[in-house]
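S.K.: With the sequences and hints as input, model every part of the structure.
Protein chains in written order, with my numbering: chain A, 1423 to 1838; chain B, 10 to 265.
Keep in mind the hints are simulated off the structure, nothing from the lab.
Don't take each hint at face value.
Said to hold, decoys possible - Straight-line alpha carbon distances no greater than 20 Å define the calculated PhoX-like cross-link-like pairs of lysine-lysine that follow:
id: 1; chain 1: B; residue 1: K241; chain 2: A; residue 2: K1697
id: 2; chain 1: A; residue 1: K1704; chain 2: B; residue 2: K61
id: 3; chain 1: B; residue 1: K241; chain 2: A; residue 2: K1695
id: 4; chain 1: B; residue 1: K26; chain 2: A; residue 2: K1697
id: 5; chain 1: B; residue 1: K29; chain 2: A; residue 2: K1704
As the list claims (entries may be wrong) - To give a feel for the contact side, a few chain A residues facing chain B, derived at Cβ under 10 Å:
id: 6; residue: D1431
id: 7; residue: V1439
id: 8; residue: E1441
id: 9; residue: F1442
id: 10; residue: R1445
id: 11; residue: P1449
id: 12; residue: D1456
id: 13; residue: Q1471
id: 14; residue: G1472
id: 15; residue: I1476
id: 16; residue: M1491
id: 17; residue: D1656
For glycine and all other residues, C-beta sits at the position ideal for the given N, C-alpha and C.
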Amino acid sequence: MVDFEFSEDEIRFRDSVREFAKRYIEPKWIEIDDQGKIPMELIKKIADQGLFAIPVPEEYGGMGGTMVMAALAVEEIAYHDPAVAIAVYTLLQNGWPLALALFGQEEAKMEILPKVASGDAFFGIGSTEPQGGSDVAGNKTVAKKVGDKWVISGEKAFISGVREIQELPEGGGFFLVAKTEKPGWSHTRITDFAVLPKWNGKIREEWKPTVYEEIGRHGLSTGGFTLENFEVDDKYRIGEVNKGFYLVLQGFNIARILVAAATIGSARWALDKAKEWLTTRKLFQGRPIASFEGVSFRYAELYTKVEAAKYFVYKAAWMTDNTYLTKSPRFKPQDLNLPVAMAKMMGPTTATEVYTEVLKWFGAYGYTKECSAHRGWLGTFSYTIGAEGAQNIMKYIIARDTLGSDAVRNVWVKEE
Amino acid sequence: MKVLVAVKLTYDINQLKFEKDGTPLLDACPRVMGEADKCAMEEAARIKDAGKAEEVVALTVGSSKEHQRILKDAYAMGATKAVAIKVNDPDNLSALTIATIIASFIKKTGPYDMILLGSGAGDTHSSVVGPMVASLLNMPLLANADRVKVEEDDITIVSTLEDGQYKFRSRTPAVVTVTSEANEPRIPTIRDILRSKKKPIDEISPEDLGVELSKVDLVDVKRYEVPRKRVKIDATDNVEEAVDQLIKALEQEGVI
Chain A
1423 MVDFEFSEDE IRFRDSVREF AKRYIEPKWI EIDDQGKIPM ELIKKIADQG LFAIPVPEEY
1483 GGMGGTMVMA ALAVEEIAYH DPAVAIAVYT LLQNGWPLAL ALFGQEEAKM EILPKVASGD
1543 AFFGIGSTEP QGGSDVAGNK TVAKKVGDKW VISGEKAFIS GVREIQELPE GGGFFLVAKT
1603 EKPGWSHTRI TDFAVLPKWN GKIREEWKPT VYEEIGRHGL STGGFTLENF EVDDKYRIGE
1663 VNKGFYLVLQ GFNIARILVA AATIGSARWA LDKAKEWLTT RKLFQGRPIA SFEGVSFRYA
1723 ELYTKVEAAK YFVYKAAWMT DNTYLTKSPR FKPQDLNLPV AMAKMMGPTT ATEVYTEVLK
1783 WFGAYGYTKE CSAHRGWLGT FSYTIGAEGA QNIMKYIIAR DTLGSDAVRN VWVKEE
Chain B
10 MKVLVAVKLT YDINQLKFEK DGTPLLDACP RVMGEADKCA MEEAARIKDA GKAEEVVALT
70 VGSSKEHQRI LKDAYAMGAT KAVAIKVNDP DNLSALTIAT IIASFIKKTG PYDMILLGSG
130 AGDTHSSVVG PMVASLLNMP LLANADRVKV EEDDITIVST LEDGQYKFRS RTPAVVTVTS
190 EANEPRIPTI RDILRSKKKP IDEISPEDLG VELSKVDLVD VKRYEVPRKR VKIDATDNVE
250 EAVDQLIKAL EQEGVI
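M.R.: The following block contains the structure:
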């Protein structure tokens, strides 16, 4: 039987996040976007509220919740932080910790996840490299086994959380993707590691970070780093050797759902702001702007698209819960590829479309810095470019899973 | 210490919308634990957190799914037990009936050292249930507390009256009504929420408490109305003059 209702627990949880975000995030989001930093005490507050590691089992310090709950939390936070820095920080602290909980080794999970859940450490994704992010199999960072340790060298680029790791009391690290033993294009020679450049408060010298300057969602840092003979204990290896490609793609699926949730939360805020404006702003002898069909019909289209994107997000989140948490035999990890790609394609694209229109509805005021809508525009636009998968990669996945891989593959690549 | 908190299911006034003529759209408004009741619950939770109370019983009159939900919220905030009074139409019971039910419950399951209630409900805001409970139980009443302090068997409150702030003190047991200014209620975490759903909610009927509903009056609320007055001040040409006009208008209304 189809049931489109959230459960009572999910509604109570969503309402609690709404109240939290209204009380602690809404009054600060503009200041955070201006200052380019989420205050450490706010990160701690979000953690104390139990909004990190939501779907991670309680035995690893997680909340024992679900991906649907994580998506609800991220959407609500993004509604109250439409520039989405805080929402994206939160989603990273849900998605990648879940991936570690699913695929990591027991000892590493017990060591890392409680510190992420408590907000004392950050755990994100370290996949993209200077030559690109979409071609994961083309990554050049190499991990070599030396004795009982792994020695990793390479360069990562456009990585979230590089500054936060340095500032958080415990530090943190990444679900890092490396080529096993030698470089070269291959998806069967990739191994994942939990790499912790700062841990127990100490920064490792083999890690050299830089932080970039970006055009939007300034509260969360993006940067790059090099690893030079960075030693990692085997306990931090995630999954089997050379199976890393398939595991990180599952991690991307989890995180993509939450990225889409963040963008629709922000888009909902923009539409609500626009509604206020369109129904009260009067022109042509007292007509509200909404009375012009050129405006109201466009509003109707965008409202519908945001609602549609929401369905994609929550269906994908529900499928993820069935796949990994309740382990329903009806779902396999690869079944997630299509619904997740559709959610990730719809969310950011719709949000950007909403903002482009909303800014125009606000007229010249929309183009001023005083009107805060541009912050949401720049923040959500980031996710049409990349972050857990570029839009064209989402389209490729959708085409591949519907038309068939032989029909759509236009680049034939060989293992090197 | 044993504390009882009476909470009411009421309209979420932050989400209440109105018709043009001022009629509130009640059917479209979500219902939640009253704001002042939440503050009463928060006071009880703080007393428990400070180690001064072992038991915090949350009570509501009504046992629908929504009533059960606010009791789960009370659990998530720190209640140790939750009880729903089974009545068919709690919204149409008079304040005296509600107070009689609460007082009867206290007599039957007590003694309690402290009875906390919100100073008024978000809908009717009659502010009489607390005083009535105190009267029915012949207990001291500390009303409209903006601050509450508990020391052993001694309760002190600060209450804001028209001519200033007053301190009132009483020995336990006492009835305390709490305003929505008293504290910032905690927001239950996901763990609190998930754990609260597994906790039991006891149900008791008024008959079990010796209260016969047929003998007490029922109130039928026909319509809520909020008096509204709109004063227009034109600030297009002269802002300073508009500010003076605004101050005068607010003074006339007795707002400042």
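S.K.: Compare the structure with each hint and give your call.
M.R.: Status of each hint after checking the structure:
1. B/K241 to A/K1697: violated (23 Å)
2. A/K1704 to B/K61: Not OK: A/K1704 and B/K61 at ~58 Å, beyond 20 Å, violated.
3. B/K241 to A/K1695: Judged against 20 Å, a Cα distance of about 24 Å means the pair is violated.
4. B/K26 to A/K1697: holds (15 Å)
5. B/K29 to A/K1704: With Cα atoms ~18 Å apart, B/K29 and A/K1704 stay inside 20 Å; holds.
6. D1431: Cβ of A/D1431 sits 6 Å from chain B, so the hint holds.
7. V1439: holds (8 Å)
8. E1441: For A/E1441, the interface hint holds, since the closest Cβ of chain B sits about 5 Å away, which is under 10 Å.
9. F1442: holds (5 Å)
10. R1445: Holds - the Cβ of A/R1445 comes within 10 Å of chain B, reaching about 7 Å at its closest.
11. P1449: With Cβ-Cβ at 13 Å, over 10 Å, it is violated.
12. D1456: violated (26 Å)
13. Q1471: holds (6 Å)
14. G1472: It holds, given that the least Cβ distance between A/G1472 and chain B is near 4 Å, below 10 Å.
15. I1476: holds (6 Å)
16. M1491: holds (7 Å)
17. D1656: Constraint on A/D1656 not satisfied, violated at 33 Å.
In the structure shown, a violation is registered for the earlier hints numbered 1, 2, 3, 11, 12, 17, in ascending order.
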